[in-house]
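Chain by chain, the residues:
2 protein chains.
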Amino acid sequence: MSKIEINEVAPRDGLQIESSFIETEDKIRLINALAQTGVKRIEASSFTSPKAIPNLRDAAEVIRTIDRRPGVLITALVPNQKGCERALDCGVDEINMVMSASESHSRVNLRMTPEQSLTQLEGITGMLKGTGVFGNASISTAFGCPFEGFLPETQVLSVVDRLVGIGVDGITLCDTTGMANPAQVKRMCESVLMAWPEVPFTLHFHNTRGMGLANALAAWEAGIRRFDASLGGLGGCPYAPGATGNVCTEDLVHMFEQMNIDTGVHLDLLLEASAMLPELVGHDVPGQILKAGKADRKYAMPANS
Amino acid sequence: MSKIEINEVAPRDGLQIESSFIETEDKIRLINALAQTGVKRIEASSFTSPKAIPNLRDAAEVIRTIDRRPGVLITALVPNQKGCERALDCGVDEINMVMSASESHSRVNLRMTPEQSLTQLEGITGMLKGTGVFGNASISTAFGCPFEGFLPETQVLSVVDRLVGIGVDGITLCDTTGMANPAQVKRMCESVLMAWPEVPFTLHFHNTRGMGLANALAAWEAGIRRFDASLGGLGGCPYAPGATGNVCTEDLVHMFEQMNIDTGVHLDLLLEASAMLPELVGHDVPGQILKAGKADRKYAMPANS
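Sequence lines, in order, name chains U and Y.
Mapping of the first sequence onto UniProt numbering: residues 1 to 305, in sequence order.
Mapping of the second sequence onto UniProt numbering: residues 1 to 305, in sequence order.
These aren't lab readings, by the way, just hints derived from the structure by calculation.
This one's a predicted model, so the numbers in the text were calculated from it and none came from an experiment.
The reader is advised that the hints may include incorrect statements.
To be verified - List time: in silico DSS-like cross-link candidates among lysine-lysine, alpha-carbon distance up to 27 Å:
1. 186/U - 294/Y
2. 129/Y - 40/Y
3. 129/Y - 186/U
4. 298/U - 129/Y
5. 82/U - 51/U
6. 291/U - 40/Y
7. 51/U - 3/U
8. 129/Y - 294/Y
9. 82/Y - 291/Y
10. 186/Y - 294/U
11. 3/U - 186/U
12. 3/Y - 186/U
13. 40/U - 298/U
14. 3/U - 3/Y
15. 291/U - 298/Y
16. 298/U - 3/Y
17. 129/U - 3/Y
As the list claims (entries may be wrong) - So, partial list: chain U residues that the calculated Cβ filter (under 8 Å) puts toward chain Y:
18. 144
19. 209
20. 260
What the hints assert, rightly or not - What follows is a list of derived Cβ distance ranges for each label pair:
21. 54/Y - 52/U: 40 to 46 Å
22. 21/Y - 36/U: 44 to 50 Å
23. 264/Y - 194/U: 32 to 38 Å
24. 25/U - 294/Y: 39 to 45 Å
25. 60/U - 299/Y: 30 to 36 Å
26. 296/U - 294/Y: 34 to 40 Å
27. 296/U - 126/Y: 35 to 41 Å
28. 266/Y - 199/U: 51 to 57 Å
29. 272/Y - 64/U: 49 to 55 Å
30. 266/Y - 261/U: 33 to 39 Å
31. 264/Y - 19/U: 52 to 58 Å
Just so you know, even glycine gets a beta-carbon here, dropped at the ideal spot from N, CA and C.
From just these sequences and the hints, can you work out the full model?
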């Protein structure tokens, strides 16, 4: 049994904001490589409108074509019932619904209010009844909104409460623009785990302000065992150009493995997958371990010493 | 009273490995800017041989010329008694001695054994008696050696014990090449604070493997209140080209301030100082907050929302 479960989001959260379309066969190659690393779950694509996210317009083809390995769950983001139908048609194991905790981000990003999102998510959750497909709900801006600033914790807890009421199977708290700090993360995680001990909570961090791993550590200390992470640190924040993106999978796995916390992931295979990225996306990626090597890397002494 | 003390090391640890000499007047301008930010201490230069570290050959001129502000301590690295004499002549408030916990790193970096270093440090400590100048000792490779790997904690504790016996006033545990992880840091910090509660311990982290802030958090949780950090994340590890360097002062201060832990530092002034760096050193620097803005930064809603 792994102590920590990694939900790999690069194929969705990472590739969606790349400046150019990544070829379908490259996406499939990347996901197949990821499926061999031991990550528990791969968010493979998003069933949104091709106009909204053209980079992921090949969601159905990608998910139908990738290798399906026992023990590796394939999930996809769905914005509405139509997207959910398409995802179910492709045989996903899980779906990931999304809403924002803050009114402004909800309006800008989803063109609806959080209340309208909840109605939408209730419809999607209804569709999943009896299918055996796990319905997860991701709450964006749970640790702060780029337009409104920090939200009261009660506002986020109230969204969690509504989602639990709707009957979602799991909830992800997202630090969408990298605003969270470890003290805030610890408080929030303790609150949700105390109030809903039966709900599987996942934490989704960005490294926008360098605190990605510190926040993951704080969440782990509070009892969280499921983390979203993105290979190579792919992904980003449209509001902070030049800043780093999602917390990097191999850096997160490396930290926990160094702490003797089992992630179930074979780090060397993960690094091999990450090494594919610069060619795939056409630029350098923020991950550190691929550049620096693992902490137990030993160097030869200089010849003149 | 600040809850945390920042020891700013960019003028020494950062500038020493830059590929070109930073003009003396630029160094002075940088240190004077840093002295206004509220950092407790600035490691302003190093009194090593100009042949060994040509970038810091102007140590005496720099330290004699910078503004001396009440409450801001000026420290300098000294490798030996001759260096200490030169530092004392310039009127430093503190000196920072250095040795390695591991034999191999000691041989490569200092051309002597740890035992010879201890003798050297005893001589320097003796020179400081009655001067009122604080004598700090930094222990390199305390969390791992690039040639030997991880050291047994007892080996590091034994070095600390010897240094306390010699009579140094404070000790810095250095993660020289960014090998430390939060679990190891927590154990080590708890051990030293338990064994030597009267010794002021400082922690020195590198962000080589992305764990800089997570390690600082772990050290803080263990009770550490003094941190080395480098403006902009200047500095680096000669063994890991392309990897990030020292933990970045403004990112560290930002994290702690966001956690409502007082650092005594005015973050906006620190960011102004950091903004000088790219021109000063001729390249981009790793710090995140200057790129992303502070976590409480708010954005205007897009016009069409």
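**Asked** Does the structure keep residue 129/Y and residue 186/U at a Cα separation of 27 Å or less?
**Response** 46 Å, violated
**Request:** For residue 272/Y and residue 64/U, compare the CB-CB distance with the range 49 to 55 Å and indicate the outcome.
**Result:** Since residue 272/Y and residue 64/U have Cβ atoms about 54 Å apart, the given range 49 to 55 Å holds.
**Prompt:** When you check the alpha-carbon spacing of residue 298/U and residue 3/Y, does it fall within 27 Å?
**Reply:** 37 Å, violated
**Request:** With a cut-off of 27 Å on the C-alpha distance, tell me whether residue 291/U and residue 298/Y pass.
**Result:** The hint is violated at about 33 Å.
**residue 266/Y versus residue 199/U beta-carbon gap, inside 51 to 57 Å or not** = The hint (51 to 57 Å, Cβ to Cβ) is violated, given that residue 266/Y and residue 199/U are roughly 42 Å apart.
**Asked** Does the structure keep residue 129/Y and residue 294/Y at a Cα separation of 27 Å or less?
**Response** 44 Å, violated
**Prompt:** Within a Cα-Cα threshold of 27 Å, do residue 51/U and residue 3/U meet the stated pairing?
**Reply:** Roughly 39 Å between the alpha carbons, so the hint for residue 51/U and residue 3/U is violated.
**Prompt:** Taking 34 to 40 Å as the hint, is the beta-carbon distance of residue 296/U and residue 294/Y inside that range?
**Reply:** 35 Å, holds
**Message:** Check whether the Cα positions of residue 186/U and residue 294/Y lie no farther apart than 27 Å.
**Reply:** Cα-Cα ~20 Å, so holds.
**Asked** Is residue 82/Y close enough to residue 291/Y, meaning Cα to Cα at most 27 Å?
**Response** The given pair, whose Cα atoms are some 42 Å apart, is violated under the 27 Å limit.
**Prompt:** Given the hint that residue 3/U pairs with residue 186/U, does the C-alpha gap stay at or below 27 Å?
**Reply:** 18 Å, holds
**Request:** Given the hint that residue 298/U pairs with residue 129/Y, test it: the Cα-Cα distance must not exceed 27 Å.
**Result:** 40 Å, violated
The structure does not agree with the numbered hints 3, 4, 6, 7, 8, 9, 13, 14, 15, 16, 17, 21, 28 and 31 stated previously, though it agrees with the rest.
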